[in-house]
Structure formats: structure tokens, C-alpha cells
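K.L.:
Chains as they are written, first to last, in this note's numbering: chain A, 111 to 675; chain B, -7 to 182.
None of these hints come from the bench; they were simulated from the model. Only a predicted model underlies this, so the values are computations on that prediction, with no experimental measurement involved. Please note that a few of the clues may not be correct.
[As the list claims (entries may be wrong)] Covered stretches of chain A (chain B as the covering partner; in silico rule of three or more C-beta atoms under 8 Å from a C-beta of chain B):
no. : segment
1   : 224 to 232
2   : 286 to 292
3   : 409 to 416
[As the list claims (entries may be wrong)] Among the chain B residues that face chain A by a calculated CB cut under 8 Å, a handful are:
no. : residue
4   : N12
5   : R20
6   : Q58
7   : K61
8   : V66
9   : V77
10  : R79
Note that the Cβ used here is the ideal one computed from N, Cα and C, for glycine as well.
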Amino acid sequence: MKKTGAQILCESLIKEGVEVIFGFPGGAVLPLYDAFPQYPQLRHILVRHEQGAAHAADGYARATGKTGVCLATSGPGATNLVTGIANACLDSSPVVAITGQVATPFIGKDAFQEVDITGITLPITKHNHLVLDAKELARVVKEAFYIAQTGRPGPVLIDIPRDVFQQEAEFTYPGKVSLSGYKPTLFGHPSQIKRAAGMINGAEHPVIIAGRGVIISKAFAELRELAEKAQIPVVTTLLGIGCFPEAHVLSFGMLGMHGMAYANKAIDNADVIAAIGMRFDDRATGVVSAFAPQARIVHIDIDPAEIGKNVRVDVPIVGDIKNVLEVLNEQIIPRDHIEWFHQLDQWRREHPAIEIRECEGLLPQYVIRQIYEVTQGDAIIVTGVGQNQMWAAQFFFYDKPNSLISSGGLGTMGFELPAAIGAKVGCPDETVWCIAGDGGFQMTIQELATIAQENIAVKIAIINNGYLGMVRQWQELFYGRRYVHTQLSGPDFVKIAEAYGLAALRVRDKREVTAAIEKAMEHQGPFLIDFIVEPEENVFPIVPPGATLVEALELPRPEIVTPLT
Amino acid sequence: MVTTKHTLVALVEDKPGVLNRMASLFRRRNFNIESIAVGHTEQPSLSRMTVVVEGDNAKVEQVRKQLDKVIEVVKIVDITEDEPVARELALLKVKATASTRSEIIQIVDIFRANIVDVSADSLMVEVTGDEEKVDSLLELLRGFGIREIARTGRIALPRGGIAPLLVEEGKKPKQPPKPLPSEAESPPNW
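Could you put the whole structure together from the sequences, leaning on the hints where they help?
P.N.:
Right under this line is the structure:
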């Protein structure tokens, strides 16, 4: 039976199990919006800016493991998605972005709201496609979802001209895809796995560095089995937080620029590192030439291009983490590393990173810790980028699988609020806390209207220090305390929330923090708390730019913080 | 690090935008293309691309892997080690007068190149060979005055029975990738 392109798209999305679309209408997608009432099972959430749609789809994807979908019109609608698409690409998040395009006769004519979005997004998508005929549409959608969610996940963009939405074509949804150039390797090479097992079995000072790949592959149990069987401390990347229980005796926190000093020290002294589903980002490694100088490295990743990209690797294993670890674990000989753990525990005592200093004022770390206490860790934390993000990573304990959602690779301020919307829509039964800074929050503040209109029960904590805090910290430590354009004035976030129709509170006193968080939790629906915190609190430890992981500056001892120039 | 010229050959799907994708990748990852040549293959839907890149082995391997991630790239291999037969084609327009014409023709003959066009004051020379041969002919003719040059990039095939890009038709991938579970699952457990 013949259907219009718009109908074909809707039915294809339903076939792919799509339940929700984050979108914003416009001229080129009007024929699609016109078809939506025929498909009430597709929930459309109207964002206030297309960047919010892309982040929401990303947050939805990370929270649920399903592919998130965002939709925008041609031209400015499409370009507004760009930041969100790049963000999803760097953090391997499965997102399908659909954009309208000017009608095919107008393509290339610089028509109204025309932009070459497939050209623009070429380096920030896993794949993209301009559909020139409605007959192709079902196949392209099938391929897009398949590419987005298999192998190393990532964003796929489908650009559809307005007349293709209106064009009629026969609709049959393809049962399978055939892409001769795309065959992710899912099972590790047996002889490499054997070599890895031998290396791990013989290690005296082994460390596991686990990343987001473990979460994507849902290899939680397999990672835990490996760590416990071989008695290896587990260090995670920022995006790997939530792949291993932080309450576990083998958990050694996060590595990297703001990682635990003892975690970085463990890596520096390791003789074997099992890097699992992580990509040796420069924020994780410090100066790469001095990274883990004594270690032989086993690198397990589904993307062959990640292996050997940044650090030398001794045993490369390309495959899906879960599959690889299943085979690897069989070959691991149970043993202990009593001396190594003795040493690790000593470092942990010497470098207590998780301490909140004595202070009469309200400390941001204290706010995060209280959110942990009140939620008992049973929450999804969605962060912004900067100090709030690092404190959320350090002072909340992630005892629940996949409970931190954060913009890692791109470091996108403004990710927090729309991503929290996506997470809450995808997991309505979970408590979702959005931890924002007062700077980043203003970049996507308009999504408060989306929250209000759809009554999305996100709890928002603004860590308000009146500065672009992380940049200010760098200016303090590395630019002679010259605060250039990092001070922010206002606005009154409580009044803003109320203007959007949301309940909100302001907290200045640390004695009011717990009660405020409890009130937010008890409140049915969204709630915003504006925490006015100590303005010049710093994130420690910090590995200075250009330094190695063990050259971190540590607190709390204010006298050691001398400005570097 | 020893940097050498590497010859990568790729089979790519004949779809719009493929060349753009690959070129964009070179630029974005800061890889240097020496030359690139594209042409049809024995299979109608596939093109063959020969790319010459300069770099150390690790860098070129990184280029290869990144290119392999492009969905339309069916297969890509580095054939440098196979000592392939490599050729390029050049068309040279050389200034020629009555007194120099015969000398030019002699040089062209030595190189087993061809004169493909003659006019009152110029000759067009067609030469095929590896880069060195084309370069040395060019060097010799430079003295007469070169008006214009058109050179193709390198194309290459490994010697002997090796056919690294052979795609057997109807052959299925050994491990069909499984999609992530899309149904709602019970919450993940440690």
C-alpha cells in the first residue's frame, strides 16, 4: 500500500521501537508534523531550542541504552542540533537525528533555510544520509538505527527534503540490513585473549581502567568477575563511573586530571593495565608519554581505530566487552595481590581525596554529598561541565549501575538540563538529579519551559558560585589569579523557575541543605534548588596542564596552592 | 620514527559523497594525502581508490583504521609491503621549436613515452610509469620549457596471485553484528 514519506518515516520509527521524539517544528518538516496525529504512540516532546532536543535524545539513550531520536527543521534548526550531535559522537551515544531539508528542486540554490547539514555533520556523525526519494526512506531509517546502536554506538543523521515527506511510495519495512562496509568485530581474537590472560595472571601490580564501553556493553557482571577473580583494583574514567560499584573494596575511583591521587599513583606504578572500553583521552592520561611508564597494556575496545591511537598497546583485543570478558574470565587464575593492596591502601591513606574541608560557609562538595545521603545513591545524576561535574563525580558515590550521565569528550556546558529531561523521560521511575553550574545552566535554561509543559519531574541543583568556576580556577592557579570575564551576575534562578511555573528554593546555609533536598524529593514534579555556595572553592586534586598524572596538586592544605604563571 | 610513503588501496561503495567523507577525514585527523586516484572496478557498484600517504607505520595504520570506519568503505589495505606495481600517468606540454623538436623526440623515445599532440610551437608528451620515471623525464624536459603538466595520482596492484581487495560475491560476514537490546530490560546488575 502506498504511503507518504512522512507516514513511512513514522511507521519505520515505530518498527524500531521508538517511543519518544524530542523535536522542534519548522517549514521543511511541516508535512511530517502534520502526520504525527495519526501516530499517537510516538510521543513528541517539544523542546525550546534544537540543541536541547539533541541533548535530550542523548540523555535518553545513555539512561535507557535505547537509541534516542531528535528532530529539527532545515537550516537553523539543523545547525542548532550540531553541538548535541558532536557531543553524542564523542561519547559514543546512539542517537538518530532527523532533519528536514528544503524541497529537492531547491537543493543547492541557497534557498530559504537551506544548509548542507550532511556536509556539516560529516565529521561528527557515525554516518549520515540525504534521502532523495521516499522509496529509500524505510531502508535508510533501518540502516540508521542499525549503525547507531551496533558496534561503537554513535549518532546518525537523516536529512529529508520537504517534498520527500509528501512523495508517495510503497512501504515495506526491511527485515535486515546489508552493509558490506560495516561489520563490527564482536568477538575478540582467541590468541590475543590468551595472551592477555597470561599477562594478567602473571601481573604483580595490575590495574583495570574501565570506561563507558563496559556500560554500553552491559558487561557489569563480567567486569566484576574479572576484578574479583584476579583481585585487581578497578579505576574508572569519568564516563566509566557507574560501571563498577564504588562501594566495592576493589573500587579505586576515577583517574585523570581530577581523579583520585591514589588511582593515578596506582596507574603510575602498575606493571599490567587492562584498559577496558576506554580510549585514553588526554584528560585521563595526563602527559601521554609519561603515562603508566612501567605497564604493559592490554586494550579491549570494539573500535579498532582506538587501539594504538594515543598510547602504545601490548595486547590489542577488538571486540564487544561482554563477549571478550566472558572468554577472558575463563582463563583467569584466581589469585591475590596482598602486597599490592597493602601499598594501594597506604596511598589511599596518604592521599584522602574525598574530604570536605571545615568551612562555615556552604561548600559545593557538601551539597553533592547531601544529595547522595538523601537519595541513598538511588538516583541518576546528570551533570553539567566544569567544577559541578567534577564534584558530582568525586562526592557522589555511584553504587548503582549506569547512574552518572555527563558530557565527557566534548565537555558541553548546557548538556545537563536537556540530558536530564531525556533521562527522566526514558526512566520515569528513577529519581533524576540535574547538577548544574550557574554558567552552564544558562546555556539551555529555556528547557525549563519544556519541563514545565510536560511536567517532567527532574530535580535540579544549581551549584551557584557566581563564576564560570572551572575557568576561574584555571585563572587562579595558572594565570596569576587574573579573573578575566569569568564573573557572572545573576540572574535570580528562583524567580526564573517560578516564572516558568516550577517550584524552587534558594539555600545559602549548610544547615538548610538536607531539608531542601528532602523537600525537592517529596515534591511531585520538577523542583529547582539554587545553592549559593562558596564562590572560590577549587576542585582538587588537579593535574596541571602539561603535567603527568602523579604531579597533581592536592588539597585540603591551602598553603600549597601557589599561583603558577 | 621513519616516515615512508605508503600505498593504501580501498574498495568503496559507489555512492555520492564517499570521496568527500574520505577527504574530510584526512583533513580532520591531520593526515597528509600525497595523491588519491579513484576509478571503477570489475564490480559495477564498487570503486577502487588508491591513496598515497606519508608517515610512520603507526600513523598510517591509524589512517587505515579511521578510513575503514567510513561505512561505505568495504575494505582497505596497506599494500606497501607487497611491493606493488605502481604507475602514474602524466601529460606534459613542452615548448618546441624546429631546432629542439628532434631532441625532445629522442628523449621521449628513451623513456618509451609518446608524443600525442603536435603544434607549431609545442609537443604534448604522454608518459606512464612510476613516480621516479615521470619525475626524471620531467626534469630532462624542463630545459626546453614546460607549459603545462597534468599528472594522475598513483594506482597500484600487488604482484603475483595476491588480490587483497577481492570480494567474493554472496559471501556473508562471519559474525553478523547484533543490535543492542532495544526491548526494555530488567535493570542492569553488577
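K.L.:
Each hint should be assessed against the structure and marked as holding or not.
P.N.:
Checked hints:
1. 224 to 232: With 3 residues closer than 8 Å to chain B, the segment 224 to 232 of chain A meets the three-residue bar; holds.
2. 286 to 292: holds (count 4)
3. 409 to 416: holds (count 3)
4. N12: 7 Å, holds
5. R20: 5 Å, holds
6. Q58: Holds, about 5 Å.
7. K61: 6 Å, holds
8. V66: Nearest chain A Cβ about 4 Å off; hint holds.
9. V77: Result: violated, 26 Å to nearest chain A Cβ.
10. R79: Interface hint status for B:R79: violated (27 Å vs cutoff 8 Å).
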